[in-house]
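From first to last, the protein sequence lines stand for chains A and B.
The first sequence finishes on residue 501 if you use numbering that gives the first Met the number 0, and the numbering steps up by one all the way, no holes.
The second sequence finishes on residue 501 if you use numbering that gives the first Met the number 0, and the numbering steps up by one all the way, no holes.
One or more hints might be untrue.
Since the list gives no way to pick out one identical chain from another, each pair is judged satisfied if it fits inside one copy or across any two copies.
[What the hints assert, rightly or not] The list that follows gives simulated cross-link-like pairs (lysine to aspartate or glutamate, DMTMM-like), each with its CA atoms no further than 25 Å apart:
#, residue 1, residue 2
1, K200, E179
2, K115, D378
3, K115, D351
4, K137, E349
5, K54, E42
6, K479, E104
7, K193, E28
8, K386, E185
9, K137, D442
10, K200, E133
11, K167, D278
12, K115, D278
13, K479, E174
14, K54, E103
15, K121, E90
The set of hints was computed from the structure by calculation and includes no laboratory data.
Number of protein chains: 2
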Amino acid sequence: MPSPFDNLCQHVRETALLASTVETLGWDERTMLPQEAGAYRAEQMTYLAGLVHQKQTDPRLGEWLAELAASDRAADPHGDATATIRNLRREYDRQRKIPQRLVEELTRATVLGQQKWGTARKADRFADFAPQLETIMKLLREKADALGYTGARYDALLDEYEPHALSKEVAVVLENLRRELVPLVEAIAGSVKKPDLTILKRRFPAPAQETFGRAAAARIGFAFSRGRLDTTNHPFCTGLGPNDCRITTRYDEQFFPSAFFGILHEAGHGIYEQGLRGDWFGLPPGEAISLGIHESQSRMWENLVGRSQPFWQHFYPQAVAAFPQALADVPLDAFHFAVNNVRPSLIRVEADEATYNLHILIRFELEQALINDDLPIADLPAAWNEKYRAYLGIAPPSDALGVLQDIHWSAGLVGYFPTYSLGNLYAAQFFDQADEEIGPLADQFAAGEFAPLRNWLGEKIHRQGKCYTAAELIEQVTGKPLSHEPLIRRLRGTLGALYGVV
Amino acid sequence: MPSPFDNLCQHVRETALLASTVETLGWDERTMLPQEAGAYRAEQMTYLAGLVHQKQTDPRLGEWLAELAASDRAADPHGDATATIRNLRREYDRQRKIPQRLVEELTRATVLGQQKWGTARKADRFADFAPQLETIMKLLREKADALGYTGARYDALLDEYEPHALSKEVAVVLENLRRELVPLVEAIAGSVKKPDLTILKRRFPAPAQETFGRAAAARIGFAFSRGRLDTTNHPFCTGLGPNDCRITTRYDEQFFPSAFFGILHEAGHGIYEQGLRGDWFGLPPGEAISLGIHESQSRMWENLVGRSQPFWQHFYPQAVAAFPQALADVPLDAFHFAVNNVRPSLIRVEADEATYNLHILIRFELEQALINDDLPIADLPAAWNEKYRAYLGIAPPSDALGVLQDIHWSAGLVGYFPTYSLGNLYAAQFFDQADEEIGPLADQFAAGEFAPLRNWLGEKIHRQGKCYTAAELIEQVTGKPLSHEPLIRRLRGTLGALYGVV
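Extracted from the complex, chain A is given alone in its bound form:
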């Protein structure tokens, strides 16, 4: 007779079969769907999301969990079985609070939301998207109220992406970062040393970008036998099965960094997904801890590896061969300086490492206002532009380059943005530790060797699944709680050296 634990796992694995199917429909929706097929796809996803929610809230789960709570108290708290039970208990209690109707309405609203966002962005007309966004925010407030919270209503949503995090704590972290970053960005702005950005704005044919980006992703360790790279207008990474991780990017033939660093970023997410234990797929030991930890992996490969001088020591000759017309006359150092350009800009996904967190701060503040204080949707573009002027000193000339640039809110992803900044912090702290334990990493990168770092991340982070919380893991791996110092130290070091400041 199967034990309660076996029953529990079997049930959750079945739920994962359905949930990963919804993910597949979502991937297809964003990469492949014919123009007029959106409405029916929304119905499919809505119906399946309802089935997923039914399975997630099946009362038998509650019974099995209750039986299991009585036993195993002495077990290793970070063992697979204990972590499975602890996480599923938390998830079950959470899901039981959300009515099935709300799950279905949110799915429908956000599938249509993404479609409407896509066309509104193309047409550069926020008004085309506003009514749908209004619906989504109303449903999200309803969801937060159903989930409950002690501090801010927003925390109920944040918890879905960064379990156990509180917005007031995140606000402190971002404020610490901002305080240190502003003088650094100012010093850089005042420096006489400037990279020549025109070299990145020459012509880089999209097919060559794809070939080069694909080769780099494979080299750092993204396995294409277990994944894909496609083109979308908003890059993303999604895991559709234990051996099926799909990343996307967009190509700008007049700007090299856009697709390339996007690919490294998504490949970083993908390497985490591919490093999870497949035999636990759909169960906590085979799942990512939090989006903050997920983002630490993408930002590490994009920035700490991909923008480093040794990385380009290895890859630059290949880049010159791939783009001879653009790069034949450009020395390595000029190229490396250009991809580390620091300058306030409009688009988050193309922002430099130093100003990036200010983009996040803007979104974090606005989405709290939308959820906690009912900021009217009609006022959102003005509020967005106002904050860009205040924090970055620039004003978006259009909504497409402003409030419409990100897909997140259209997909109902509120509470998601701050995890990007947490990711930057985690990344720097993990990277320092890896360098200490298995470094110098720089020498390895220069030799084109990325397996040592990837294996270290695999062992210390990926294979741990959800057996630790994010806070426990950073302490477990680095011996210290999360701090903003490693990130600031690194930015001062690398950018300071390039710009001759600090």
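Mind docking chain B on chain A? Use the hints.
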């Protein structure tokens, strides 16, 4: 309170949401899936197919159908409601006979079957595929026995693709065809007039083929805002929703007809799918009648339209512009003769109109032997080659060009092949009728006008959904039962003229 009919339709629409999701997973599996992701995809599809079958056999369906059987006896037998009830009754009774376990086993076996077929075909090793094919045939025999039959066991499977058809009747039709075709093919073989085939074997770059094929598909009426064209090693067409029909092809840069006529063929299927009434999606009035009728649409656009002289009067200047190196020195008539080449060949999907049905006859006989008489799988390649020698006078030099060429058996599609020949017969008979009612079609094609034929097909066939059986429809539309004469007449006429025979 919803009526039993409303309940019935709502339930079946929900089933269609799930079934179309399985179709989407299947499309993705064949076009996009990373190499190592097959096993998990099989699990997803198996689980969902089980859910579909659960819904198809829900006892409430039986109750609603019983309530409905008592009423409406006087209604129009071809009305939407009556046809819905009649078809759902038939389908429900059929599904109730198949155990859930068998549905799941067949799904798993055929998803893996297609994967194993793909690799075996690439490696040209039948033995790599044989054990999986063995499993599939065993399960299909089991399925046929569960469904029951009065004549041959094979008929239970045939009925799924061509409802109400019997293999002994199909055998007669194919025999009639064969008797007329063999002397025609012999006369053609003896003719001194021969097309110059080398012009089709020049270099036709794949990207230009795709652009040209896409434009032709759009011109004849395949709507890309409601569909896609992708690349696979076995061309197919699948409807994933009322506005989401996807076709595929494969490109051979050394042989023009392969992709182009494949695209026309699949676009023909797609035009049928796109012509079904979307508000009835998933219900009989919004479904295709049978695979024979489906194939009549693809074969009509591929052959009766696409290989006609007037079609090329319109398209040939565009073809010359698309492939200047290959075609600049080729006159229209030489090209047209070449794409109407008649010659026994190895590959069914590339066979000419005259020999095509002999390819079908071979498969039809072999699959009956596999299902009715337990022909051992190990003997299949030899039996295949033997029949090619006997009927077409040629011997496949390898399994890849022989028994491994078609995906069907790997996907569990037994009883499917004869519908191809039925499609050829229906196509010729419908085409004659259309020419009589709205012709001369030839003049329209020469002027690039395909909307009249498409609209006629839409009104007479596509919009009728499943309100008629195939036998009823051909009688309703053409005033006569199905006959092989229109097809033979056409082949004698067009091919006879080209070759100067008959």
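Hint numbers not upheld by this structure, sorted from lowest to highest:
Failing hints, ascending: 1, 3, 4, 6, 7, 9, 10, 11 and 15.
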